[in-house]
Amino acid sequence: SVPIPNRLQDRHNDVAFAPAQGFTNSPDTDPSLAGNRSWGYEIIQRAKTSDIGLDLVASQTLATEEQLETLMRNVVAGGKKWSQLSGFQRSEKLHAVGVALEANRGRLIEVSMAEAGKTLDQADTEISEAVDFAHYYAERAAELDSIDGAKPKPFGVSVITPPWNFPIAIPAGGVLAALAAGSAVIFKPAGATARCGAVLAAIIAETIEADVFAPIQISESGLGKQLLSHPDVNQVILTGGYETAQLFKTFRPDMRLLAETSGKNAIMVTESADYDLAAKDIAYSAFGHAGQKCSASSIVILVGSAAKSKRFRRQLEDAVTSLHVGHPDDPKTQMGPMIDAPTGKLLEGLTVLERGEKWLVKPAQLDETGKLWSPGVRYHVRPNSKSHKTEYFGPVLSVMTAPNLEAAIALQNAVDYGLTSGIHSLDQVEINTWLKGIQAGNLYVNRGITGAIVQRQPFGGWKRSSVGPSTKAGGPNYILSLTQWASAEATSDAEILNKQVNELLASAATTELSEQDLESLVRSAKSDQQVLSEVFETSTDPSGLASERNVLRYFRSDCVIRIESDATEVETLRAVSLQLLLGNGQISAASLPDKAIALLKRSGAQVLIEDHQSFAARTVASPTRVRWIGGDQLRASTDLFGNCDVAVYDHSPTESGRIELLPFFKEQAVTVTGHRFGTPVKFVQELAI
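The sequence shown runs 31 to 719 under my numbering.
Just so you know, the hints here were simulated from the structure itself, not pulled from any lab data. Cβ coordinates follow ideal geometry from the N, Cα and C atoms, glycine included. Among these hints, one or two may not hold up.
[What the hints assert, rightly or not] Ranges between beta-carbon positions, derived for each pair:
id	residue 1	residue 2	range
1	651	596	19 to 27 Å
2	304	523	46 to 54 Å
3	397	256	16 to 24 Å
[Unchecked claim] Cross-link-like lysine-lysine pairs, in silico, DSBU-like; alpha carbons within 35 Å at most:
id	residue 1	residue 2
4	362	375
5	416	362
6	338	466
Start from the sequences, fold in the hints, and give me the full structure.
Below, the structure is given as structure tokens:
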């Protein structure tokens, strides 16, 4: 008898539903199945002449200040009601949104192809990501009310300003995360993909009330500035260029801006790499969606003898020139058009070589619109050149060389950004060296560096790839950063192991602190101890795949503590206790008890007693993260708050180690392919992750 097939997916007959037991990723469309291919061809045909979303754009357009003010009043009122819902109640609504997004997969793909030039495969995976965001943030919303030692105090209004390159997944992620955190949302889609945003918004609006979720289309140069600087807007979530984040800060320097920004990402190829696999992954990572991804590989660094390998050079050239370049209405298309005809730095990157450079693959304009270009690969790119440091955001790849792995790591770390990075190597020592030295938020080993999946590879970068007090999208900490917090009694019974912390608590007992404050300090210290060991000193792989390791790990950040003169004594000692537990670091204060100063210095911390003007001036000159405790004196420093290189964490102190330790750690997601042609690679489980 003929066995029953294992793969039964048919998009014609899909029934959307929420995960029954915890989060699971939404499957992409399997093109090997005949029913799915038929479904895909139907979408391609519709997309050729589709006007889907045009009517919605018109209905969501605001033209006057009066319309904007009316909307703001309604959303502020709606936000108050939404914030009163429990995390579980919000969770149910977000799961319903996820079901609606899945049910509308075909419509969302259609508008993405018609307006954004997405190919079917690129659009399909983006819809999966949007569905995943809905269900993942629904699960995290249900957990908010049980954070030990803290209670969420949602922001009233969040504005979501996404980019055009992922017009469905990124706006869905920002909108749904803010809703999960208890905030009302104003959603302003990118102008170039207004129809995509409008269709997405209409689907979300089937579940979320109009005074809680308000999609709008407005002029970016007119009402856009007024919206972002509006006093009733509590936070702005941006995905876009670093320069855009800087512009937003000029509108309102004290804006609470959380942004995922630019990337200048590299894949290293060592002499121990599988050159065939490396060439394939590089071509896909560099030229998927015409290189218009912040995670795209725009640099290849050939290490050691790989730099002289004629075989690798041939394989890379073949992989790139074999890409089928065309419009989305051609099912064979692997690289589609750009969103607009290139200008400025991108046009220069596609047409002008710098000194010593040569084209391995010369790009060429392929149509009259100027949007469709063949991909380009520049060879012999020099360190610190434009090709090395500039984010072109298009289909151009720069190839550099390094004599050894340490020099290659230095080349990658020399850029201002730290979003994604990859290595192709079959040597365990090389991979461990690279994992230890690279400065980026998402690392990939022996695979492509684009296409991060919710929970599996939480997404967000280091350095100028991230702005503000944010955390990784699609990860366990993201919605924690989108709400304010009030203190609650922590319940940890962990033993306080740090000697200096115990001495501080003993000293505090001899002061005039109330018994209530002393008990709060002890509970806080226990919570810090437990969370440090169970969360921030532990690597996790929640997906647990057999074929791939996906590890979320933490590194100490450069966060400094600033305690203002009007901070209470218990707030001051709470911060000192935290710094003692962490050891090395910097703490700045208007004043501190002598005993606290002595303990801090003994723990290895740097102690600076200074006024807020001195602190602000010094911090602007040497950007960092700041855990700010106290009143509003520092907020008057527009140089500090308007600086995109300074992230300020200013929530009220809580007893929760889960909340208080977060600014002091950077997240890093590491993905390692665990097999070769289906055979497990033993050393992958032994890597130091």
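Each hint, compared with the structure:
In this structure the hint that residue 651 and residue 596 lie 19 to 27 Å apart at CB holds, the actual value being about 25 Å. In this structure, residue 304 and residue 523 meet the distance hint of 46 to 54 Å, their C-beta atoms being roughly 51 Å apart. Judged by the Cβ atoms, the range 16 to 24 Å given for residue 397 and residue 256 is violated: they are separated by roughly 38 Å. Taking the CA atoms of residue 362 and residue 375, the gap is about 30 Å. The hint holds against a cut of 35 Å.
Restraint check for residue 416 and residue 362: the C-alpha separation of about 34 Å stays at or below 35 Å, so the hint holds. A distance of roughly 26 Å separates the Cα atoms of residue 338 and residue 466; the hinted pair therefore holds under the 35 Å criterion.
Hint 3 from the earlier list is the only one contradicted by this structure; the remaining hints agree with it.
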